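Top line first, the protein sequences correspond to chains A and B. First residue of the first sequence: 1, per the numbering used here; consecutive thereafter. First residue of the second sequence: 1, per the numbering used here; consecutive thereafter.
Certain hints may be false.
As the list claims (entries may be wrong) - Listing some non-contacts, in silico: residues in chain A with all C-beta distances to chain B over 10 Å:
| hint | residue |
| --- | --- |
| 1 | R129 |
| 2 | L308 |
| 3 | E492 |
Said to hold, decoys possible - Here are some chain B residues the structure puts well away from chain A; computed CB gaps all over 10 Å:
| hint | residue |
| --- | --- |
| 4 | A43 |
| 5 | D115 |
| 6 | P189 |
| 7 | Y208 |
| 8 | G244 |
| 9 | V245 |
| 10 | N279 |
| 11 | G280 |
| 12 | I303 |
| 13 | L324 |
| 14 | L333 |
What the hints assert, rightly or not - The following label-pair restraints were derived from C-beta to C-beta distances:
| hint | chain 1 | residue 1 | chain 2 | residue 2 | range |
| --- | --- | --- | --- | --- | --- |
| 15 | A | F14 | B | Q144 | 20 to 30 Å |
| 16 | B | A358 | A | S58 | 40 to 50 Å |
| 17 | A | R373 | B | V340 | 44 to 54 Å |
| 18 | B | G280 | A | R329 | 27 to 37 Å |
| 19 | B | A358 | A | G437 | 41 to 51 Å |
| 20 | A | E313 | B | N279 | 51 to 61 Å |
| 21 | B | E193 | A | D133 | 54 to 64 Å |
| 22 | B | D363 | A | S58 | 52 to 62 Å |
FYI, nobody ran anything at the bench for these hints, they're computed from the structure. No experiment lies behind these values; they were computed from the predicted model shown. For every residue, glycine included, the Cβ atom is placed at its ideal position computed from N, Cα and C.
This is what each chain is made of:
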Amino acid sequence: MATAVHLDGITKRFPGVVANDDVDLEVEHGTVHALLGENGAGKTTLMNVLYGLYEPTSGTVRLDGEPRTFDSPRDAIDAGVGMIHQHFMLVDPMTVTENVTLGSEPRKWGGLAVDRAAAREAVVELADRYGFDVDPDARIEDVSVGEQQRVEILKALYRGADTLILDEPTAVLTPQEVEELFAVLAELTAQGKTIIFITHKLGEAMRAADEVSVLRDGKKVGTVDADGTTREELAELMVGREVLLDVEREPAQTGEVVAAASDVVVEDDRGVRAVDGISFEVRAGEVFGIAGVDGNGQTELVEALTGLGVPDEGEIRFRDEDVTTASRRERIEAGMAYIPEDRQERGLVMEFGLVENGLLGSQHGPELGPNGRIDWPATRDHAEAIIDEYDVRPADADADAESLSGGNQQKFIVGREFKRDPEFVVASHPTRGVDVGSIEFIHERLLELRRQGVAVLLVSSKLEEVQGLSDRMGVVYEGEFIDVVDPEETTEEELGLLMAGERPGGGGDETGATDETDPEATPSDVTGGERA
Amino acid sequence: MSDASADGVGDADGATAAEGRGFFERHTTRAVFAAVTVASVAALLVAGFLFPDSLAGTLAAVLTSENTLAAALRLSVPIAFAALGGIFAEKSGVINIGLEGLLIVSAFGAIYVADVTGGVWIGFAGGVLASTLLAALFAVVTIQFRADQIIAGLAVWLIALGLAPFASQVIYGSPNTPTVATSPSVSVPVLEEIPFFGALFSASPSVYLLFAAVALSWYVFERTAFGRWIRASGENPEALDTAGVSVARVRYAAVIISGVLAGMGGAALSLDLGQFTGNGPTMVNGKGFIAIVAYLFGNYNPIGAFLSTLLFAGLDAVQTVLQLQGIGVPRQLIRITPFVVVIVVLALVGRTRLPEAAGEHYDTEE
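For reference, chain A alone in the conformation it holds in the complex (with noise of 0.2 Å):
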């Protein structure tokens, strides 16, 4: 076999970064190399290299033995490589086909028009050739996430790459659109076609790579054979010591309902039941866990439940309060945090030092902001307390919010959540994009909150923290909880069924559990509401 990319001592410098550290890597023809490490470990940055987005400090980049240099994307798809992104460049209001083949359509008529019948044939053409499953016809905004996704890669195909590129593709994936990847990667790598993907998950590396290459702190540590290695190998690997995967944890000491949600229904911006009819409680001194695959309906949840959003119906209530529709302010001073999942747009004001980012919900407190004034040297000694208590580097309070990594920022809003003393913690993604010394930190505290008897909300598609730290934990598809269970004695599997909309004991009698008055709420619409 020959060797179809050759990165020979790639090294890319940002400004006060090195990103990628003199990088080899060789990826043979026909085969499904992933590429291993945590966010920040500079796998993005290295294929955007190898795609063209960006000019490597030093190094050069060979295909099929060739030396290349690409100015732009568009060499790169020229010379056989397509690159995937994590977030789809996909035009929504437009059908497959036209998505397919934007920028290189087939013309008839002297170029006058778009010969639209060549064009359906050549995707048809393409899709059987590599047994996939979409409709040529179908609106982007109106098919699931995963037939989106083929798009993607039939407009690299399209495009004529032989090297696909694939970021992070099963982030967005419920388990078994995962499995269908997979069976597409299998595909085309049996059709002499070459893959690298990029991902920060052991397990589907291992399952779905031939060869797997660990990246960390931008430098290379390691390429080994999927099939003769480990998790534990791996995970050592990617973060440089032997890493705890299981959080250990006492069994709970509940007390009684905090906060409770009963019948919650939000509708989005366009009508459609975001959250269609929520109801669980919370215990003092327990974690319910919130799993399921991003937008069915949690954003908006979480929106109801800490005041960012009225429930059009149903019932909030906090320590025998109804708080349904109690605002930002009252339901911060009765006890309630929030570390929101966009800590970028939601927790922080980027451009504002930690002394200012310190204050923030705090502001009409009577320690930090006495009779409408504030009180500066006490919120800057609150800042501190907070950098010194939960490890946020730099130690500085001056810094600004932007300049601080995405763990160090998220260690922040932590701390000045936790410091109010709350009764009820909201935690939405708490670890989302953090790297794993701040996800065992934040887990850590978590846990510390839930012995001293918070009660403790924790939303996140991640299933492993999910089922790791919750006491009980609801699963939600479509704004409904398909299922509440108890963690300890559900297996992954049945959980990914979970996930994917499949009622405990239905057997394929899935559309009945579903939403039927409202066939057209596919994911794209979830989706849409995602960012309301």
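Here the structure of chain A is known, so what remains is to put chain B in place on it, guided by the hints.
Frame of chain A, contents of chain B only:
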């Protein structure tokens, strides 16, 4: 709207079903509105036919008069041209709120050039050029220098609103220009004899030009690669960029086309009367804003925009005729109709979907 599935290639079955569902989902309220309009007009006509001496009778006579259609078409020309231009710009992601300004400069420019050269068609070209230059300036400011599109668009309007009457004042000593020759209307033999619809075939050349522009615009959006790039540039510019098409180029082209089209509208407006009048809001008098309403109501479809224009202009024409017959409908009420309609359509009905990336700047990374 016809789509790829209309080709009927292969198994169009499922596609047709999806298409049908999509149609009702996307157009129900619009369809209801259209149906209600058609039904009330029909009811009025029937009532007018049965009781020719009543108010309904008078109205019906006015509505079925060839003169009304002719007047509506004439009033439509500047608005519909500007609306077509607005569609090009906004679909590409640049909201061109300065259409009013483009109409003003082209209206004046056309008269000035016609006055100097003595040729109506040269004047027309001059008007188009003036509007295109102003649109190009707007494009540079919003695309290259990333200015806010709304503010830059308002600036285009305000600059034109001040500049055109000022230029007229300097050149002719009055905000109103002297009159120039107009071009005679063109008639198609035989067809112009058709009752009522004959008005379509005996009109000013600009009306025919408008028909051509509507058809051509539809063709560009529905059938050409460039039309798709414009749509992609307004919906998801990143997708277009990664597909290897320059977003900036597509947007420049679209905004300049909007300048050309609006220029044709403005030039036709003033050359039709042979004069530019620059007092107050000038002779353009809000037509550029009604154009925005028209293309929103027409859901960014050139044909839809033209029909909405015809509806608004038709109301205006009917009102004028009624005024002459002594049945007063306050002009001001008629004039606000388009804006009331757009508020109802956008706010209550909410079915007009703006392009996802309209109003946003786009930068290629690295």
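Here is what the structure says about each hint:
1. R129: 16 Å, holds
2. L308: Non-interface label on L308 (chain A) holds, nearest chain B Cβ at 22 Å vs cutoff 10 Å.
3. E492: 34 Å, holds
4. A43: 32 Å, holds
5. D115: Non-interface label on D115 (chain B) holds, nearest chain A Cβ at 38 Å vs cutoff 10 Å.
6. P189: Since the minimum Cβ distance to chain A is about 32 Å, P189 (chain B) lies beyond 10 Å and the statement holds.
7. Y208: 22 Å, holds
8. G244: G244 (chain B) is in fact no farther than 10 Å from some Cβ atom of chain A, at 4 Å.
9. V245: Given a closest Cβ separation of 5 Å, the condition is violated.
10. N279: 44 Å, holds
11. G280: 40 Å, holds
12. I303: 18 Å, holds
13. L324: Non-interface label stands for L324 (chain B): nearest chain A Cβ at 46 Å, farther than 10 Å.
14. L333: 33 Å, holds
15. A:F14 / B:Q144: 20 to 30 Å: 26 Å, holds
16. B:A358 / A:S58: 40 to 50 Å: 42 Å, holds
17. A:R373 / B:V340: 44 to 54 Å: Cβ of R373 (chain A) to Cβ of V340 (chain B): about 48 Å, so the range 44 to 54 Å holds.
18. B:G280 / A:R329: 27 to 37 Å: 50 Å, violated
19. B:A358 / A:G437: 41 to 51 Å: Distance hint for A358 (chain B), G437 (chain A) holds at roughly 43 Å.
20. A:E313 / B:N279: 51 to 61 Å: 57 Å, holds
21. B:E193 / A:D133: 54 to 64 Å: 59 Å, holds
22. B:D363 / A:S58: 52 to 62 Å: 27 Å, violated
Violated hints, listed in ascending order, are 8, 9, 18, 22; each of the other numbered hints is respected by the structure.
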